[in-house]
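A.B. asks: Listed below are the residues making up each chain.
2 protein chains.
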Amino acid sequence: MQVQGFTAAATAAGIRYANRLDLGLIYSEVPAIAAGVFTTNRVKAAPVQLSMERLRSGKAQAILVNSGNANACTGIPGMEATLATSAMAAQALGIDEALVQVASTGVIGQILPISPFSNAISALAGNLSGSQLNDVARAIMTTDLVEKTVTTTVDIMGTPVTLYGMAKGSGMIRPDMATMLCFILTDAQIVFPVLDRLLRAAVDESFNAITVDGDTSTNDMALILANGLANNPWIDEDNPEGMRAFGDALRAVCQELALKIVADGEGATKLVHIQVNGARTKAEAINAAQTIANSALVKTAFFGEDANWGRIIAALGRSDCHFKEERVDISFDTVLLVERGLCLGAEAEAKATAVLKQKEFTVTVSIHEGSAHALVHTCDFSIDYVKINASYRS
Amino acid sequence: MQVQGFTAAATAAGIRYANRLDLGLIYSEVPAIAAGVFTTNRVKAAPVQLSMERLRSGKAQAILVNSGNANACTGIPGMEATLATSAMAAQALGIDEALVQVASTGVIGQILPISPFSNAISALAGNLSGSQLNDVARAIMTTDLVEKTVTTTVDIMGTPVTLYGMAKGSGMIRPDMATMLCFILTDAQIVFPVLDRLLRAAVDESFNAITVDGDTSTNDMALILANGLANNPWIDEDNPEGMRAFGDALRAVCQELALKIVADGEGATKLVHIQVNGARTKAEAINAAQTIANSALVKTAFFGEDANWGRIIAALGRSDCHFKEERVDISFDTVLLVERGLCLGAEAEAKATAVLKQKEFTVTVSIHEGSAHALVHTCDFSIDYVKINASYRS
Chain R
17 MQVQGFTAAA TAAGIRYANR LDLGLIYSEV PAIAAGVFTT NRVKAAPVQL SMERLRSGKA
77 QAILVNSGNA NACTGIPGME ATLATSAMAA QALGIDEALV QVASTGVIGQ ILPISPFSNA
137 ISALAGNLSG SQLNDVARAI MTTDLVEKTV TTTVDIMGTP VTLYGMAKGS GMIRPDMATM
197 LCFILTDAQI VFPVLDRLLR AAVDESFNAI TVDGDTSTND MALILANGLA NNPWIDEDNP
257 EGMRAFGDAL RAVCQELALK IVADGEGATK LVHIQVNGAR TKAEAINAAQ TIANSALVKT
317 AFFGEDANWG RIIAALGRSD CHFKEERVDI SFDTVLLVER GLCLGAEAEA KATAVLKQKE
377 FTVTVSIHEG SAHALVHTCD FSIDYVKINA SYRS
Chain H
17 MQVQGFTAAA TAAGIRYANR LDLGLIYSEV PAIAAGVFTT NRVKAAPVQL SMERLRSGKA
77 QAILVNSGNA NACTGIPGME ATLATSAMAA QALGIDEALV QVASTGVIGQ ILPISPFSNA
137 ISALAGNLSG SQLNDVARAI MTTDLVEKTV TTTVDIMGTP VTLYGMAKGS GMIRPDMATM
197 LCFILTDAQI VFPVLDRLLR AAVDESFNAI TVDGDTSTND MALILANGLA NNPWIDEDNP
257 EGMRAFGDAL RAVCQELALK IVADGEGATK LVHIQVNGAR TKAEAINAAQ TIANSALVKT
317 AFFGEDANWG RIIAALGRSD CHFKEERVDI SFDTVLLVER GLCLGAEAEA KATAVLKQKE
377 FTVTVSIHEG SAHALVHTCD FSIDYVKINA SYRS
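These protein sequence lines are chains R and H, in that order.
All residue numbers for the first sequence refer to our numbering, where the first residue is 17 and numbers rise by one.
All residue numbers for the second sequence refer to our numbering, where the first residue is 17 and numbers rise by one.
Treat the hints with care, since some could be wrong.
Copies of one chain are not kept apart here, so a pair can be met inside one copy or by any two copies together.
Stated by the list, open to error - Below 27 Å or equal to it, Euclidean Cα-Cα: the simulated DSS-like pairs (lysine-lysine) are:
(1) 298 with 403
(2) 298 with 373
(3) 75 with 367
(4) 403 with 75
(5) 403 with 367
(6) 340 with 298
(7) 375 with 403
(8) 373 with 403
If you're looking for bench data, these hints aren't it; they were derived computationally from the structure.
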């Protein structure tokens, strides 16, 4: 896939492992309007701190990204390393350093080594092409099993605009923009305040609605670069139709990437949608859905293909959501298993168990207290999750 | 072990499995002053609801407890079953029904079957003896691997007083009195308000400071029965020395039981103490310690014997605790691995890794913001945890 004016290249620079794509560069032939959402963790990796600071300008022209090393918890030497690599990229591209966004993912607590960058960066900049975006999507993978990209086009008053997104997971994922990278490139013409607002709204309904393990990361970021080359009528406050069309497309891209992240969650064998209906407030609905989606007992039951609704109602019971046990209904896809707090019996349980044997299903919890609802996406908690995370650094 | 005036019996009543101790009865020959702490989960099992209601009197004379079935989320039929079994016990013992405390643990969502109780309860009541308390401790085990009992004696102004405690875990454990049962029997003479207050204080520093999986249960309770037969000088507000001595003993009993629960956490291979020092407030210190202690990534790293301090600082970073990364020190037992936010290098890491190979160790996180501290006990997150919980109902 290509987006007008964007080129990219990726290489195996040997940052942590040999012969594995681990360094990517994305370049826009003109400076782009740029917005970003960054981790809410109090501990922010050096590249996050630098990219946040630079993005105050609302502009970026390149993204330098590596896997294999998060350059988090590395203090001043870590920041020096990030500054040095970004300077190399700026020099190789002949652009202002302030227009380089930097992102890192991988192990925490080790200073980013410089030499893999100095060895590779000229060749990388010299090798940029429109067809290598997916190589960058591969280069940012850590425990991800599959690369995650999405492309869509949207019509802005007669002018087609393209959005291309890439993301990586796949552990340390949970609401609040945790442990993931997402880069979205578009040729749309759009003003910064609108781009920024639409990105935040899209992230809320996508990356902030997924969870793999309840942990959050020091390195998360979602960036969007809009280079304007589609030459569409400007998307701004005076163009509500354009805002809506672009916003819908952006949300769809983010949601599709978010689901890909959960489906590829560490050790995940199932993608599960948790829908909570009838809460008093949106905040209570979200809290209830997230508490269920993060429960280790619920998630291991999913892995065991066990319609263990008792664990679901127990998780609901420790959430901040007000409800009465005797008003709770729970369905697995279309199978109603719990009605007014009571199990409907062996036949319903057998049908629900059949639903759990699927690769993907929805658990709907209706509490009949109000009209607020929330949808959170999670995965099961498997033996492989433990294996992956017990040996991640070895 | 025996406590004056307390007798007990246990049997394999076939509540869920055949030939497994699953029903216990504890009896005090005189009505005892009694206090309890119950689950904070909004969903409370029938026996919890009934026992809470009855304990308003501050008195109890018997505890009827079963494993194999939690009788939670079972509505009115569940409450009827609990009432029926408690009536049977009262009749067999010849005491007022209101003096029977009831407790259940096991699978959620199935109505407690009555017939195992009606078949067993006369023999149980007829078979009471002072030497069978440990049999009850075995009868309340579910996924527990070992029974958990503690005995201590304390001198109350020249009169020895005995405390005997039993508890069960071992999944669905986390702060706020989650998924555990604890019964403490004592021959102390003590007034209700003091007993109640000392129990709550002891629970806060023991059962509320442990976590296995971050889930909480519908059935937790900690009960204490004090039958007064030691004939010690009354422990009341006018006896501060007695209050202190008894309170210290009670806290020690609860703490020892709590550590036994964590050490026997589902799939646990390691007992880990998380000490957070130098927080601004006690609440922040507790939140920080609990967030670290509950992190799936931290716990899987413990299982992998990996001194992955990056995950610890990342968990700290998503807690509610204020801190500056560059002021954080992290030690594993006496090995300082992180100083002012930075790793001390390969040699320190090798020493820390050696600490993690132990069965028990302490992680100390010092943030140098204030003087508040907290200690939380956790275990590692193993492949067996997933295996146990993926197949629990099958």
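A.B. asks: So, for every hint listed, does it hold in this structure?
C.D. replies: Taking the hints in turn, this is what the structure says about them:
Proximity of residue 298 to residue 403 under the C-alpha cut-off of 27 Å is found in neither arrangement, the shortest distances being 36 Å within a copy and 35 Å between copies. Within a single copy, residue 298 and residue 373 get their C-alpha atoms no closer than 31 Å, and across copies no closer than 45 Å, so neither meets the 27 Å cut-off. With identical chains, the CA atoms of residue 75 and residue 367 are never at most 27 Å apart, being 53 Å at best within one copy and 46 Å at best between copies. Within a single copy, residue 403 and residue 75 get their C-alpha atoms no closer than 41 Å, and across copies no closer than 50 Å, so neither meets the 27 Å cut-off.
When the C-alpha separation of residue 403 and residue 367 is checked against a cutoff of 27 Å, the pair qualifies only between copies, where the shortest distance is 23 Å, while the shortest distance within a copy is 31 Å. Taking the shortest Cα distances, residue 340 and residue 298 sit within 27 Å of each other inside one copy (17 Å), while across copies they are farther apart (32 Å). Taking the shortest Cα distances, residue 375 and residue 403 sit within 27 Å of each other both inside one copy (21 Å) and across copies (19 Å). In this homomeric assembly, residue 373 and residue 403 come within 27 Å of each other (Cα to Cα) both inside a single copy, at 23 Å, and across copies, at 17 Å.
Consistency note: the structure conflicts with the earlier hints numbered 1, 2, 3 and 4.
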